[in-house]
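Asks: Given next are the chains, with one letter for each unit.
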Amino acid sequence: MKAIPENIKIKLQNYLDGKLTSVEASEIEKLISQDENIKLSFDNLRTIDAYLKKQKLVEPSKNFTERVMEGLDSYAAGRSFSLRNGIFLLVGVLVLTGLASVLISLGVFDTANSLNLNNLVSTNYIKKDLPTIPFNGKLIMNVLIMINLAIAFIVLDKAVLKPWFERRMHV
Amino acid sequence: MTQQEEYVLIDRILAGERNLYAHLVDSYKSYAFTLALKITNVRGDAEEAAQDAFIKAFHNLQGFNREAKFSTWLYRIVFNTAVSYKRKNKRQFDSIESTIIEHRQEAEGNLEKKDKSKFIAEAMRKLNDADQLALTMYYLQEFSLEEIAEVTGMQANTLKVRVHRARQRLADELTGILKQEALTL
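Here the protein sequences line up with chains A and B, keeping their order.
Just so it is clear: in the first sequence, position 98 is 98 by this note's numbering, and no numbers are missing.
Just so it is clear: in the second sequence, position 12 is 183 by this note's numbering, and no numbers are missing.
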């Protein structure tokens with residue numbers, strides 16, 4: 001059996017969808033009536049079109065809506081921190097900040113003011129003296145404490161206060 | 172429900188009347204479920220995915236900007252959720268060979284309309300998932316090609332080509348099956 005050219009196949013589909021001009025439509029009608037192969041292909045296309053048009057929506061289970069409504073709360077609970085976890089996280093951040101502050105007040109970082117690269121890199125390959133990078137250890141620690149405090153505020157808001165208020169709303 | 176009524180309903184839900192969300196779920200659950208079922212091919216997964224999508228939509232309702240229809244926005248969530256469910260629970264599909272064996276066994280009786288529908292349904296299963304989905308959404312006639320494109324994240328032109336190609340493939344498949352049946356009669 002002779003294969004149907006691609007352009008004819010496209011025209012058959014467009015004819016089925018009513019997207020051909022009257023001239024094109026009469027041309028394709030002529031082809032369908034003359035060529036048995038094209039007629040068979042068009043008949044099958046039409047059968048498939050009729051079958052697909054009969055498709056209906058599939059209904060979900062009867063308690064679908066009920067289950068969605070029940071799931072609204074569990075989703076919120078699953079997505080946000082529990083109050084207990086939030087408090088643990090906040091305590092952890094605060095303890096870390098407190099420890100850093102104590103170490104600063106004890107003067108642990110007062111002597112940390114430069115980084116000697118010669119102590120870090122092997123001198124077997126590098127003969128020249130490497131530079132020493134100066135830094136202020138106390139300042140860096142202060143910045144880290146500030147960042148930690150900012151994180152503590154965010155944790156307080158998102159992981160402690162928000163779950164607490166949400167819980168109160170749903171009681 | 173008109174679009175305006177829908178917006179009023181959404182405003183009330185956002186204002187705290189969460190029980191009203193059940194109306195939205197009731198309005199869209201059939202299409203959402205059908206869409207999820209076409210993607211996952213497993214009823215249980217489709218049910219879970221569609222429910223999950225409605226829950227996600229509820230929690231992101233504030234982000235619905237009303238530029239598109241609510242249904243388009245919702246079905247996009249359903250589509251993405253169902254796709255990720257399918258990825259999670261990959262299942263084995265019927266192989267082409269087993270389908271052909273089935274054809275032969277069932278072709279003993281008459282080959283009238285009822286059988287043809289069965290053959291088409293089987294031929295449909297041989298299409299790839301994207302083609303099946305495109306055909307289903309196109310023929311359910313709930314959306315324009317542009318809206319289907321928005322839901323599925325495909326280009327409208329690509330979608331049109333896909334529908335044409337899938338339909339042609341089905342027709343070719345049916346021609347092949349019918350020829351085979353004619354030989355066995």
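Keep in mind the hints are simulated off the structure, nothing from the lab.
If you're wondering where the values come from, they're calculated on a predicted model, not measured in any experiment.
Warning: the hint list may mix true and false statements.
[What the hints assert, rightly or not] Below, simulated EDC-like cross-link-like pairs (lysine to aspartate or glutamate); rule was C-alpha separation at most 16 Å, straight line: (1) B:K287 to A:D43; (2) A:K39 to B:D343; (3) A:K54 to B:E313; (4) A:K30 to A:E59; (5) A:K62 to B:E219; (6) B:K350 to A:E36; (7) B:K240 to B:D343.
[What the hints assert, rightly or not] Computed footprint of chain B on chain A, listed as stretches where at least three residues anywhere in the stretch have a Cβ under 8 Å from a Cβ of chain B: (8) 110–121; (9) 139–150.
[Said to hold, decoys possible] DEER-style ranges, computed between Cβ atoms: (10) A:S22 to B:N328: 37 to 43 Å; (11) B:T173 to A:F88: 27 to 33 Å; (12) A:G92 to B:N236: 37 to 43 Å; (13) B:T243 to A:L117: 38 to 44 Å; (14) A:I154 to B:K240: 34 to 40 Å; (15) A:F135 to B:Y178: 35 to 41 Å; (16) A:V58 to B:Q175: 48 to 54 Å; (17) A:K56 to B:K240: 29 to 35 Å; (18) B:E317 to A:K30: 46 to 52 Å; (19) A:E70 to B:N236: 26 to 32 Å; (20) B:N328 to A:L144: 50 to 56 Å; (21) B:E317 to A:L149: 46 to 52 Å; (22) A:L149 to B:N328: 50 to 56 Å.
All C-beta atoms in this analysis are idealised placements derived from N, C-alpha and C, irrespective of residue type, glycine included.
Asks: Failing hints, ascending?
Replies: 4, 7, 8, 9, 10, 11, 13, 15, 16, 17, 18
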